[in-house]
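Novice: In case you want the letters, here they are:
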Amino acid sequence: MVPVSQETGQGASSIHEVLERVCRVMHIAEGFLPPAHAIAWGAASAPFVVHGVRSLTREVREHPESTLLLGASGAFTFVLSALKLPSVTGSCSHPTGTGLGAILFRPPVMAVLGTITLLFQALLLAHGGLTTLGANVFSMAVVGPWAGYGAYRLLRHYDVPLMVTVFCGAFVADLSTYCVTSVQLALAFPDPGSGFLGALGKFGSVFAVTQIPLAVSEGLLTVIVMRLLVQSSKGELTRLGVLPAKSGTTGAKEQAVAR
Amino acid sequence: MLPIDAAAHSSRWRRRHPVDKAVLGFGLTVLAISLPPWPGAALVLVTALAVLLGPAGVPGRGLWRAYRVPLGFCVTGALPLLVQVGGPGGFLTAAEGGPVRAGELLLRTSAATLGVLLFAFTTPMSDLLPRLVRAGVPAPVVDVALVTYRMSFLLLDSVRRVRQAQAARLGHTGRAAAWRSLGGLGATAFVRAFDRAARLQSGLAGRGYDGTLRVLVPEARVSVRFTAASVALLAALAGLTLVLEGPLS
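So the sequences go chain by chain: A and B.
Counting in our numbering, the first sequence runs from 1 upward without gaps.
Counting in our numbering, the second sequence runs from 1 upward without gaps.
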């Protein structure tokens, strides 16, 4: 991996080097889970992905132009996870992007876009895996987006300011993703002495606890991105339903696109 | 283009049908996680490595660069297996049989990863995605995946250039500046992605876009001989594992 200067940002001279930084996002590696667990997590993810595929298919059939916007959304999700995130503890990692993705594109669409992204990461970057795709989809494309979106919508319902809700949505999405991964690993590898709970403590301390500062970082980054988007891309945010539509200016057809 | 995809485009097996390579690669992966780690996964690992570096002609250096990424996760994930929480010895003690479990896990994961890498290093994504429609994946989903795949490279290139421009303007000199630059980078990626989609839409509309993205897929036929040889190899590995399991364990 090419070292990158914090001062100048130099070193990221190729797409590969930018993408190699994705590697610190935590996906369960190929073959890590026993076959029964891999199948069970695949079955658990399937209804959400099928639901997402149905909404995406319906959307594309009604509005063929959505294909390009959804593809752009998928590429944005893929690239977002490649950004280098300065942690509040001083270390570096990468955002999961699930919180921002869920707020912008809604959880059902994120289930499909997340699955596509994870498939690309497994085959193009050897990151994650095909036998563990179901488990990774469940944590990163199902639980993360739904938990983050749930927190976001709940706070929006109580008229909490937009940026606070965006921070909470991204924070909850990031942390829940890593917590679910810890649960998945603990179920697969229970502790010989204390069983599932002991294993959860072990994997949680290795992965999830270290992710709390990173979840804060991702929340902050998402707020900064959203603030800039509110200034520069009001039209797109209105079309995606993040900002309220002005009466008479934006029709239902436009709102539906890319949701 | 990413290194694995670039290697796949120039692979010896580039012209083979993806099904041929899927049977062999994913078959090895399934064997790696299904058979006992010792000697099953070890045999799969050696076989996969031999096929990758031999008949498939995958460059060793590129393979190692891709292989070390999941290995890092596996080592980190295997570490907790070495200790146990609670018990008569204290709160945190060395787990009985922990090193064996960790070793077996590493063996299984390494072998399974090589199976997928065998497929990835010989099959370009552009050959695979359009054929997923025949496998039952809805066409709109495949179209979205195709656009995502092609747009990702352009967007990553844009992000790299924006990052260089930010660095040239001292955008990474302090913590506050770094955060501001990163936020700008994320927002720019969003704006550029949607701008590019809008321009693509205009271009396609001018060419009579009806909602279907038609792409040329290289002609290839499933080789019965290759697939049969792959199945025979997989069966031989499974049989050898069963034979050796008793004496070696």
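Quick caveat, the hints were computed from the structure, so don't treat them as lab data.
In this text, all values refer to a predicted model and were calculated from it rather than measured experimentally.
Note that the Cβ used here is the ideal one computed from N, Cα and C, for glycine as well.
Accuracy of the hints is not assured; some may be wrong.
[What the hints assert, rightly or not] Here are the simulated distance ranges between beta carbons:
#1 A/His157 / B/Arg65: 32 to 40 Å
#2 B/Asp210 / A/Arg54: 53 to 61 Å
#3 B/Val224 / A/Pro35: 24 to 32 Å
#4 B/Thr76 / A/Arg153: 29 to 37 Å
#5 B/Gly97 / A/Gly150: 36 to 44 Å
#6 A/Pro161 / B/Arg61: 31 to 39 Å
#7 A/Ser232 / B/Arg169: 39 to 47 Å
Novice: Next step is simple, just say for each hint if it's right about the structure.
Specialist: Now the hints, each set against the structure:
1. Separation of histidine 157 of chain A from arginine 65 of chain B is about 48 Å and departs from the stated range, judged on CB atoms against 32 to 40 Å.
2. For aspartate 210 of chain B paired with arginine 54 of chain A, a C-beta distance near 21 Å fails the hint of 53 to 61 Å.
3. One distance hint, 24 to 32 Å for the beta-carbon pair valine 224 of chain B and proline 35 of chain A, holds here, with the actual separation near 28 Å.
4. For the hinted restraint 29 to 37 Å between threonine 76 of chain B and arginine 153 of chain A, the CB-CB distance of approximately 34 Å keeps it satisfied.
5. About 41 Å separates the C-beta atoms of glycine 97 of chain B and glycine 150 of chain A, a value consistent with the hinted range of 36 to 44 Å.
6. For the pair proline 161 of chain A and arginine 61 of chain B, the beta carbons lie near 52 Å from each other, so the given range of 31 to 39 Å is not met.
7. For serine 232 of chain A paired with arginine 169 of chain B, a C-beta distance near 18 Å fails the hint of 39 to 47 Å.
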